[in-house]
Amino acid sequence: MYFESFDAFLQMGKHGIYVWSAYGISALLIGLNIGLALRARTLARAEVIRLIRREALNVADSTD
Amino acid sequence: MLSAVWQTLTRWYHQWGSPRYFFQYSGVLLRWLWPLAIVATMTGLVWGLAFAPADYQQGDSYRIIFIHVPAASAALLGYVSMGVAGLVGLVWRMKMADIMIKAIAPFGAILAAVALITGAIWGKPTWGTYWVWDARLTSMLLMLFLYLGVIALINAIPDPRQAGRAASLLSVVGVINVVIVKYSVQWWQSLHQGSTLKVVGETAMPAEMLSPLLISMLGIYLLFACTVLVRARTEIMRRERKSQWLKEALQ
Amino acid sequence: MSFVATVKRELLLACRRPAEIINPLFFFVMVVAMFPLGVSPKAELLSVIAPGVIWVAALLAVLLSVEGLFRADHESGALEQLLVAPTNLYLPALAKILAHWLLTGLPLVLVGPLLGYMLHLPVSASSTLLLALLLGTPTLTAIGAIGVSLTVGLRSGGILLALLVLPLYVPVLVFGAGVVSYAANGLPVMGLLAILAALLLASLTLAPAAVAAGLRISSGG
Chain C
1 MYFESFDAFL QMGKHGIYVW SAYGISALLI GLNIGLALRA RTLARAEVIR
51 LIRREALNVA DSTD
Chain W
1 MLSAVWQTLT RWYHQWGSPR YFFQYSGVLL RWLWPLAIVA TMTGLVWGLA
51 FAPADYQQGD SYRIIFIHVP AASAALLGYV SMGVAGLVGL VWRMKMADIM
101 IKAIAPFGAI LAAVALITGA IWGKPTWGTY WVWDARLTSM LLMLFLYLGV
151 IALINAIPDP RQAGRAASLL SVVGVINVVI VKYSVQWWQS LHQGSTLKVV
201 GETAMPAEML SPLLISMLGI YLLFACTVLV RARTEIMRRE RKSQWLKEAL
251 Q
Chain P
1 MSFVATVKRE LLLACRRPAE IINPLFFFVM VVAMFPLGVS PKAELLSVIA
51 PGVIWVAALL AVLLSVEGLF RADHESGALE QLLVAPTNLY LPALAKILAH
101 WLLTGLPLVL VGPLLGYMLH LPVSASSTLL LALLLGTPTL TAIGAIGVSL
151 TVGLRSGGIL LALLVLPLYV PVLVFGAGVV SYAANGLPVM GLLAILAALL
201 LASLTLAPAA VAAGLRISSG G
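In the order they appear, the protein sequences are chains C, W and P. Quick note on numbering: this note's numbering labels position 24 of the first sequence as 24, and the sequence is numbered without any gaps. Quick note on numbering: this note's numbering labels position 82 of the second sequence as 82, and the sequence is numbered without any gaps. Quick note on numbering: this note's numbering labels position 221 of the third sequence as 221, and the sequence is numbered without any gaps.
Please keep in mind that the hints were generated in silico from the structure rather than gathered at the bench. Given the structure is predicted, the values throughout are model-derived calculations rather than measurements. Some hints here could point you the wrong way.
Unchecked claim - Between beta-carbon pairs, the in silico distance windows are:
id : chain 1 : residue 1 : chain 2 : residue 2 : range
1  : C       : Thr42     : P       : Ala198    : 10 to 20 Å
2  : W       : Ser190    : P       : Glu44     : 20 to 30 Å
3  : C       : Ser21     : P       : Tyr90     : 20 to 30 Å
4  : W       : Trp187    : P       : Tyr90     : 23 to 33 Å
5  : P       : Thr87     : C       : Gly24     : 53 to 63 Å
6  : P       : Asn185    : W       : Ser3      : 21 to 31 Å
7  : P       : Leu37     : C       : Leu32     : 12 to 22 Å
8  : C       : Gly24     : P       : Val48     : 14 to 24 Å
9  : P       : Gly186    : C       : Ile17     : 42 to 52 Å
10 : C       : Ile17     : P       : Leu106    : 53 to 63 Å
11 : W       : Asn155    : P       : Leu11     : 28 to 38 Å
12 : P       : Leu106    : W       : Gln57     : 31 to 41 Å
13 : C       : Ile17     : W       : Arg31     : 32 to 42 Å
14 : W       : Ser190    : P       : Ala198    : 16 to 26 Å
Claimed, not checked - Dumping the calculated SDA-like pairs for lysine to any residue here, alpha-carbon to alpha-carbon at most 25 Å:
id : chain 1 : residue 1 : chain 2 : residue 2
15 : W       : Lys247    : W       : Arg161
16 : W       : Lys247    : C       : Phe3
17 : P       : Lys42     : P       : Arg155
18 : W       : Lys242    : W       : Met94
19 : W       : Lys124    : W       : Ala54
20 : P       : Lys8      : P       : Leu206
21 : W       : Lys242    : C       : Glu47
22 : W       : Lys95     : P       : Arg216
23 : W       : Lys124    : W       : Leu210
24 : W       : Lys182    : W       : Leu141
25 : P       : Lys8      : P       : Ser127
26 : W       : Lys242    : W       : Asp159
27 : P       : Lys42     : P       : Val111
28 : W       : Lys124    : C       : Phe3
29 : W       : Lys124    : C       : Tyr23
30 : W       : Lys95     : W       : Tyr25
31 : W       : Lys247    : C       : Leu51
32 : W       : Lys247    : C       : Asp61
33 : W       : Lys182    : P       : Val189
34 : W       : Lys242    : C       : Leu51
35 : W       : Lys247    : C       : Ala46
36 : W       : Lys182    : P       : Ala209
As the list claims (entries may be wrong) - Some chain C residues near chain W, calculated using beta-carbon distances under 7 Å:
id : residue
37 : Met12
38 : Tyr18
39 : Val19
40 : Leu29
We treat Cβ as the ideally placed atom computed from N, Cα and C, and that holds for glycine.
Working from the sequences, and respecting the hints, build out all of it.
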C-alpha cells in the first residue's frame, strides 16, 4: 500500500475528487454497457426458448 | 512448420466464421474469459490506485492513467478490428464479420467516451481546465464521432444483413481515414502550438507504474472481448432463431 | 454506357434543374456571410478566421448538395437498371462524382476568393485559396458520395449522411484551412498543396469502388 491511511487513499493528495470521479464515471459507463449486453443476450435466449416450447406444444397437439 | 501454422489459421478462420461453431465455442471460451477479465481489471486498477507510487510532477492525479490509456487504446484497437472485420465481410462475404462489427461498435464508442471523459477530468488538475484541444483528446473525439457514425448507420437500416454490410463498408473507409485523421490532427496541433497532455513518463515509465498499467490494459481488452462475444452470440440467436442447431444447442 | 456519355448526360439533366446548381452556391455564400454578423466585423479578427470559415462553409455546402447525388436516379429507377446490368459500376460512379463536382463544386471554388476578400483575407492568399478549394472540394464530393451510396433510399438521409461523412472530412478541412493560413502568413504552401493533391488522387481512385460497393449493398444485392 502506497498510502499511509485509508483517508489519504481517498484524498489522493488534493486530487481525490478528480481521480474518483474519473473512475466512478468510467465504472458506471462500462458496467452499464456490459449489463445491457448481458440483458439483451438473456432476452434473445428467452425468445428462442419460447419458440422451442411453442413448437413442442404444436407438435403435441397435432399428434393427439 | 510454417505451412502447418497457416493450415491451422485457415481452419480456425473457417470454423469461427460459421455462426454455429462460433456460438458453441464462444460459450465455452466465455466461461474462462469472464473471470480472467474481471481479475485482471481489478488487479490492475487496485494496484495502480493504491500501490503504485505517485508521480513526482503530477502527484496522485496521474492515477487516472490506469483507466484513461487502456480505454483509449482499446477504443482504437476496436476501431481497427472493425475495419479488418469489414474487409473480411466485404471480400469473402463472411456472415460472422458483420455480426462482429455490430458487436464491437457499442463498447468501442463507450470506451472512446470513457477516454474522453477521463482525459477531460485529468486535464483540470494538469492544465487548469477540463477541455483543451490537444492532439490526443481531439483524435479521440473524432474516433468517437466515427463510432457514432457506424452505430447511426446500423440503426437506420431496418434489414440486419444489409445494415451489417453497410457498416462493413463504412468501417473499412473509416479505418483508412483514421490514419490520415491522426496525421492531420498532429500537424494541426503543431500549427497552432497548443498544450499537450503529457502522459506520465512517456519515454521511460518505471516498472512499478508500467506493470499495473499493462495489467489494467489487458483487463480492459478482455472485458471488451467478453462483451463483444456476448453481443455476437445475441445477434446469432436473433438471426438464427429458426435454425435447428440453435434449438438443440439451447435445450 | 461510356464514361463521357454519363458525364454529358448528368450535365444535361442538371441544366434542366438549374436550382440544384445554384442553391449550394447561395448556401455557401450565406453561411460565410453569417460569420461577420455573428462574430465581429473587425478586419483583423475576420482575416484570422477566414480560412476556417470558408472551408467549413464549403464542406457543408458540398455535404448538402451531394445528398441528392443518386436521388433522381433512385426515384426514376435508372439506378436499379444500372445495378442489374452486368457492368462494373466503377466508371459510372466516377462519372457521377465528376459531373456532380463540375456542377456544384466548381462554382464554390470560383466564388471562394471573392468571399476571402470580403473576410479581409490577404489578397496574396487568394490564389492559394483557389488552388486549395480546387484540390479539396472534389475530395469532399468523392468522400460524400460514399456516404450517399450507403444511405440512398433511407428515410433519415440528411442528418445521417452528415454523421457518417463529417468525421471523414477532417483531413481535408485541416490541410485546406491550414494551407490558406500558411499563405496568409507568407509561409511556403507547396508541401501542403501536395498533400491535398495526394488526398484528391487517393479519394478519386478509391471512392468510386466504395460507391459501387455501397450502391450494391443499399439495393440489397
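- prompt: Any of the earlier hints contradicted here, and which numbers?
  reply: 1, 3, 6, 7, 8, 12, 16, 17, 25
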